[in-house]
Structure formats: C-alpha cells, structure tokens
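Sequences are here, hints too, so could you generate the full structure?
Protein chains: 2
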Amino acid sequence: MDKILRIDMGAAGGPKMQVESLGEYAGLGGRAMTSSVVAKEVPPFCHPLGGENKLVIAPGLLSGTGAAMSGRLSVGCKSPLTGGIKEANSGGQPAQVLARLGYGAIILEGKPQGDDLYKVIINKDGVKIEADNSLKMMTNYDLVVRMKAEYGDKIACISIGPAGEMKMQSASVACTDPELRPSRHAGRGGVGAVMGAKGVKVIVLDDTGCKARQPKDLQKFREANKKFVEGLSRHPVTGQALPAYGTNVLTNILNEAGAYPTNNFKTGQFAGAGKISGETIAELETKRGAGPTHACHRGCVIRCSGIYNDKDGNFLSKQPEYETVWAHGGHCGIDDPDAIAMLDFLDDTYGLDTIETGVAIGVAMQAGVVKYGDAQAAINLVKEIGKGTPLGRILGSGAAVTGKVFGVEKVPVVKGQAMPAYDPRAVQGIGVTYATSPMGADHTAGYSIATNILKSGGFVDPLKPEGQVALSRNLQVATAAIDSTGMCLFIAFAILDQPDTFQSLLDLLNSFYGLELTADSVTELGKKVLKTERDFNKRAGFTKEDDRLPRFFYTDPVLPHNIKFMVKDEELDSLFDW
Amino acid sequence: MDKILRIDMGAAGGPKMQVESLGEYAGLGGRAMTSSVVAKEVPPFCHPLGGENKLVIAPGLLSGTGAAMSGRLSVGCKSPLTGGIKEANSGGQPAQVLARLGYGAIILEGKPQGDDLYKVIINKDGVKIEADNSLKMMTNYDLVVRMKAEYGDKIACISIGPAGEMKMQSASVACTDPELRPSRHAGRGGVGAVMGAKGVKVIVLDDTGCKARQPKDLQKFREANKKFVEGLSRHPVTGQALPAYGTNVLTNILNEAGAYPTNNFKTGQFAGAGKISGETIAELETKRGAGPTHACHRGCVIRCSGIYNDKDGNFLSKQPEYETVWAHGGHCGIDDPDAIAMLDFLDDTYGLDTIETGVAIGVAMQAGVVKYGDAQAAINLVKEIGKGTPLGRILGSGAAVTGKVFGVEKVPVVKGQAMPAYDPRAVQGIGVTYATSPMGADHTAGYSIATNILKSGGFVDPLKPEGQVALSRNLQVATAAIDSTGMCLFIAFAILDQPDTFQSLLDLLNSFYGLELTADSVTELGKKVLKTERDFNKRAGFTKEDDRLPRFFYTDPVLPHNIKFMVKDEELDSLFDW
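From first to last, the protein sequence lines stand for chains A and B.
For the first sequence, the numbering used here gives the first residue as -16, with consecutive numbering after it.
For the second sequence, the numbering used here gives the first residue as -16, with consecutive numbering after it.
To be clear, the hints were calculated from the coordinates, so they are not data collected in a lab.
Quick caveat, the model's predicted, so the values are computed rather than measured.
It cannot be assumed that every hint is accurate.
The list treats identical chains as one, so a pair stands whether inside a single copy or across any two.
[Said to hold, decoys possible] With a cut-off of at most 27 angstroms between alpha-carbon atoms, the simulated DSSO-like pairs for lysine-lysine come out as follows:
(1) 249 <-> 547
(2) 370 <-> 521
(3) 511 <-> 249
(4) 119 <-> 393
(5) 23 <-> 551
(6) 393 <-> -1
(7) 527 <-> 551
The following block contains the structure:
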C-alpha cells in the first residue's frame, strides 16, 4: 500500500495512467486519504461533474492486513449533492483486495473527451484500462455477472449502475461482497455520479498472488487482533444484537423511543414497525433458507449483513440495513418486508443511495405524487429512476431537488443531503451531527444514537439539549479517525465501552506500522480530518448558516414527545471550537 | 397611498385582513418598501413556501400620480429560487391603480389551512376576499377574461397562472396592461410560487372613483414632468430606438458585440440573429396589422411594448422582450419569430419567467433532452410545464434544478437564478452585476450594457476587467433607487446622459412630497436598499463565495473574442465597500 494509481480520464487520445509513490499522502488511509487529496487537489468552486473534480478511492490504514473488521473502502470527491467535500465508505471486499495489491489510493481525474465507457482492471501484473461500451446502462448485478465471466470469480468489483452513468445526485458506488454480490455501497452524496462523469463503469480487482500486508511486529499484531476480536464478541451490540438481527435491530428500539420518523417526519412512531423490525425480518430470512448472519468482507467477525430470500427461497437482496428499511419503510408508511427488500435490490442494482432514494420518495408522497403506504407505487418509482424517465430523474436527484420540483415545504435535508432514520427532535444529539457534519445530514458521522439511545459510552438524555454538542463533537472526532483506519464503524460500540478493546485497536495500528499512537493521537487524527473537510467547505462557500436543520424541526413539535429541536445555534457553532 | 393592506391567509376560519397605517414604512415605495418589509418581518431561514414567508406588493413612490413612466409594481419575498431576498418588478396597470386606491403595500402572509384558492377584490369601497375554486389551474389569459366578465373592464389584475399554483420556482406574478392582457410580469425568482403558496390566484383592482394622487406643489410638479418627458423624447434610446423596435433592438447590437450567448453560452454570436432581431420583428408586426409601439401602462411615453400578431393578423402575444427573444431564441438555437412569440404567450399565460424558462430549456438541450434549434420541441416543453408533467416540473423549477436533474455541468446561474441575455465574458461589467447583485443573476440590477455597449453614462471597455466594479456599483445603487420610485428603469438612459433630465426626476419627487432631495439623497436611498438586501442574504447564509459566476466563465473562453471572465474575486468583494 505504498503507491497511488492516478488515471487522467481526460487525456488526449484516451485515459492515461501513472503509478506514483504516496509522497505527501504517506501515512494516510481511508477518509484521511480521500479528504486530504480532495482538499489539496480539487478547486472548491469546481463543478462536481466537471474535469476539475476528482474521485478518490482509498482503503483504510489496516485494510489488507489480517486485522478483523478492516474492510472499509472510502470514496471521496466534491459532492454533486451537497457541493461540499464528501467521503462515503463501504464494506465489501474491494478495500482488502486493493490494499493487498498495494494501492493506497486510486485517483480518477479529468473529463473524458468522448462518451466511451471504461473498465479498469487491476491485478498483480499491473493496470489495464479498456473502453467497453457494451456495459452502458448495465445494472450492477448484471455487470458483476459479466465481469465474473470475463475475469473469474476471484475478483472484487467497484462499480456504478445506470444511476451513476446518468450522473444522478443520489448515485452510489457499489462494492461486491465475498460472493460477488454488488450489495455494499458507498452510498451518500452522489459519489457514483462523479465516477460516471469520469466515464468509469467498473474497477475490477484481483489480488491473486498477493499476500496479506505484513505488520512490523507480527507477534504483537496477532495478540492485539485476538484481544480485539474477543472484545467485539463480548459486547452485546457487536457480539449479539448485530449478528442476530443486523442493523435493523434498531427499528423496534427507535420506534419505542418515539424517534422513528414516520410519513416524512410527521410523527415519531410507526404503527407498522413490528412488521418490518429486525426481529421479524431475521425470522423470515431464516424460514426462507437464508439468514441474518453474514460477513460482508474477509475478516469481518460481527457478520451483520445477512441475506434476504423471496418467498420461493430465491435470493432477493442482501438483508436491508436499518436505514434502508426506514427510508423505504416507515418514512413512506410502508410495512411490507418483501417490498422493502425489493426496493433495496433495485437501489443496489441501479446504484442508488437507499437513504436518499427513500427520503425522496417520501417527499414525493408528501407532494401527493403517490400515496403513503403504497409499496407497489414506490417500487414503480424506483424503476422510473433506473430508466431515467423525467420522474425518475427528479427522484434520482435526491430529496432536496424533489422537494423543490414539487413545491414541498417539509424536506428533511441538511446541506442538500437527506436525513437518515432518526428524528433529531426526539434524539437531539443526532440533530447536532446532522447539522454540523461537513458531510451533510449523516448519522454515521457522529452516531449519537449509541449514547442517547443505546447507552454506549455513557448516557446523554436524548430529549434535552444539554450535552449534545459535546457528545456529537467527541463522536465526530472519533469517527473521522476510525473512518481512516478502514475499520467498520460498528467497532465503536465496543471501543466506547471497553477500554481494553480500544487499546487493542491502538495496538493493531502500532504493531503494524511501528508507531506509538495513544488515545490522544487518535483524537488528533480525527480533528485533523474534520478540520481539512471544514476548510474545504468554507472555501466552497459554506458558513455557520449551513450548519442548521430545516426550519420545521425548530417550529413543529413531533409526537409522542411533543418536542422540537432545541439546541441553540450558538451551541452548534461551538462544536468545532476544540 | 397612506395605508397597508395586510392579509393573513393562514388565519383560523379563513383569510383575515386588516388595513394599517404605513407606520415605520412611511416614505418608502417599490423595492425600498418590499425589501424593508421582507428584511424586517420574514425570518431569513424560513422556507420560502411556508407560512413565515410574506409576499409584499408595492407601487412606487410616484405611482398613481401624473408623473410619466411611474407604473412599476414591485413584488418582494424570500425567493424560492435563490433562497435570498427578492424584488421583481413589472409594468402594466396595477401599480397606478393600487396607488390611486391609496395602498402603499399589500402584504400576504401566513399559510392557508385548506386548499381553497382565493381572489382579492379591491376598490374604493374596500376589500373583499373570496374563495373561488373554479379558478384553479386557470391560465392568466383565461383568468383575466373571467375577471373582466365579473368585474368589468375598468379593472387591473395581479395574478398567477398554473405555474404559481404549482409553486414552481420560475413562476411569475402577472400584471395586466391597459387592454387587460396579462402580459407584464414580475418574472424573476419564483415570486409567483409564493403567491401560490398563499393561495391567492388574483388581486382585482378597480380605481373607479379615485383620482390621481395630488402633489404638494402642483405647478412645480407639472413643470418637472414636462421637462422629464421632453428629456425622454430627446434621448436616442428612449425617444427613438425603444419606441421603434422595443427592447429587442438589442439583438443585433449584442450579436455584433459578440456578447450574444448562443446554444447555452457556447459562443457569442448567433447565425440566426437577423431573423429574430428587433428590426425584423417590428417590420413583421407592422405588416401583420399590429406594431412595435405600445404603452404598457397609463403615463408611459416611451411605448416600447408592442403587439405581435400571428400570420392571420390575430393577437399572438405582446411583442417579446429582448431577453425573451434571446432565452427562447439564440440561447436555444431557435430563429423562428412566430415560435418565439408563441413561447412568450405560453410563458405569460402559464405564469412563467421567460428568462428562467428559456434558459432551463437551453440547459435541457445541452443535456440532449431535445435538440438545439427545434422550435416545436421547445413549445412542447413549455406546454409540459403548464400541465405540470414531471418533465414540466423539472423545467419549471428553473435552470439550476434542470442542470442538476440532467447532470449538466454548464449551467449559467448565479445564486440559483438564470443568467439573462448578455455573456459576462464579452461584457465584463454585466458579469460583475450578475455575480454580486443580492437578486442573483439579473441584468436589470445594474445594467452595465448601457455603458459597456450603448455608451450611455460614459464608456467602459466591455472586454477589460478594469472599471467594471465601479460601473456596476454605481448602476446597482442608482437602480435600487429608481426601483423604489415606481419609475420604469428605461428612464436611466436619459438620466445618465442628460443632467437636466435627472434633475427633473428629482423635481418630480420633491414637488410631489415637499422634499429637498439631491443626487446624494438618491444615492443614499439606493445604498440603503442594497444594504438591507445584502444584510437579509447574509442572515440567510450567503457569503462572498455566493458572489461568483459559475466556474466555466473563468475557465472556458468564448468566441469571437476568445475571452474569459477576468474580474478578480477580491474586486468583486469590494463592490459593496462604499
């Protein structure tokens, strides 16, 4: 992982690649890598779909090693959705494979001169870039079948579906899981549109002949990894709840907390929650011959990803994540698990962010385009997106554009990005993260739910404004650091609650790289990443006025708690004063 | 003009009106009135379509008097298109009639509780507000026929078409001309969507029984008006060019200057310009039994508005303005005058800003939705807007949204508002106005074309960055003042070039109100208005980074001059340092 693959897609005569040393980016991984490259190399005022933007794809610091949970891949650029800097990360195999192949980053840059569509094939022998227009408008699932036929089943793919080719603002970058399903996505912010604007359909990775990256101190590394895995198994969230039900274990929890946004944030509880909860869906999956316990990448020990079969026992989709179940479920008043799984599959195969897509459909429901609760209508709408009809183009542009186009007042977005599955009035801490994260509304950027609701890392009352800024600040800093390691964010529960598990993560990094990192070093790394991102956004014209929730969260109370968002502007503005 | 009509459309039990004294708004007119009310009463973060926004309708200081050219009506609100403060003004009869009825402003506020559509009828006996759902989705032209049948032909109407009811971001507010054609529009920024959000379809004004407003010093007022009219007749632009050809006299001039944006700002000259020039169209109009010389309101002496008949001699539309001819013409590669007149009519009757609509269609052409030059396709697209189909909704949301939805990089907007008919690379002064005006890209906000191209008020070389900021500053200040008087902006040519005509404008104000205004007072008024607007925008989150042109104007030179926009950011930022 000592080199960067840089491809100028706009070079005269076709794409031109070069392999460089890491140079000034040495020592960076994941989000720290993508945000550093974007902040340094992309003009903040450039058009996100233009030649000056770059798509940066980077495995984490521990990806490609024997460390458990180290398979996150970061994808960064200037976001077409928010206009700010973006890092979206994904599970699946590519991070591990790309890291073993030795690449610290792939940087796609320039603007293609024609309209050819390219595939990039990377293996131990080098890199090939080939035009292949037969792939145009191919869905992710079909594409991967084709790549498997051409390059064998040892590959991992990073790809876009039709949504990315159409440069839709909610287009994702798909990553394949170990069974070559393109079901893990760097979903947020329209990163797939930027890949589409670069004319790259798929990056095919094959690490056959490459070994796992070797730590400086193998013995210490193995010991640290053992303790790390043991810590994850010991914690009730990572050891029990996530493997048993996946992230969708949260449906019942959030609904009981009155923080489950229902019918476009009209109320905080959904009558149909029980029908689409993690418990219900896990039981259904098991009954249909699949199940809730599956690893999305080599080295995953939590195994929260799961497989969802249809009623005839055939693969329908991966187990939909909590935020997907919410966006296509409660947010739209839909309580049919099969419909939600179908929507999840369609999003994955067209290459769409499930959150942005579901929220956009809910906003369209608010406008009366279709009715709340009409699952078939929602499926039809996502098919329109895949076809790129005018209505599909609207929805594929995300919730903010959908709201504008249909004249809807109530549009749950921050910095143009749709809000995920937690009402910021009933969980005030997540509202702070939504408002202030450089990424736009993003639960993963500082997951206060852990402390507000799940009581990991202490407890801060979700219904009171006090303490939320400090909570979100600490979580945003920690997350920015974790997102740079390649570690799955779900390790956070265990490292928040168990000091020895946190120490084992430090030991993994230290023994691998021969470093002497402490808790303070991690905090410093997180702060540095956030500062870099905030600075890019500032140069792109963002101000504190962009660090606010939509007006209705301040004016309309939500049931059952009858509560508004109460954290004051001045407090929000103090978040980055550390 | 000593009272304000305030209507709370959101009151329990239906709209509730009250008539107030001017209070702290005494002495304000037009844009000074609308911007002061919006800045004071509208929370900068409110949703433009929500109950906290207000639509303010105000005649100018001299409207309703015997002063020539005093018929401009200002419409203000927080703009759904830009998110900033907005004042759009219109000719036609309503300003004169509203002022004679004694109203300094109408303020529509609150959020209707049901979905009834209302008409407001104002005459010397008072105000009536009535629900009339039979008007729903009626076009402006049909609506006015109905109002005439109900209220007689002495009325003037302020109305919205289907676009405003659908809350489209490019919806206009229509004003009737003396023959009751709804052909004059407060076009920009989606003011019609705000009227739609208030549930008001039409305001019917009848000043029967009301006299012209009386000046403090009648004798001096009459003398000043005489000199003022004489000055307008003497100047070649207002005395000859505008009455002979209307604003479209500019097509040949701008095309020859290489500043006529063609095919979505691809080049600065249009091969078909001669076919749609003011000279060609005026000749055609005359041949078909109409003509280029018509007054859009009582007291107009320039008479630039004109009537365009079809080939059978029947009314097709008013004479399309230069910016309309450009937006639907050269910008889209269309050189068919009949098609452009039809597009003008459709925009007027659906209630759409012709600039925003034409630019959006050009952006859709850039995306390949239809082909450049296909006039019938453009007509079909505007009909889609009128019907509110998904494609129509996209286009009706304006150029910025259209660009996002179709993944287009080259979108000529500032602050989300489409750029009018002058390439800012070939006329650098207008680029400064586009970039810095609180209104978004708006040629009228500081019409540098006067000095850069027409050599009114001196000459500043349009192809050099030097002197453009000072030019735009002076014009923006002067315009903000003129927009507050109710005077048509076209008086600017004569008052810029002829000191005695400028003095006669001051004399009109002084003799009417018993004031002692000087040139400095006018400058102070203009600065105060701009400061109020800039302050609102700042509170709404705008920064200097919003005072920039789209990136491609800085990177892609335009032919024939092969020139980029060269005014430096720091210079732009100095514009409001006076």
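> What are the numbers of the hints the structure violates, in ascending order?
Replying inline: 2 and 3
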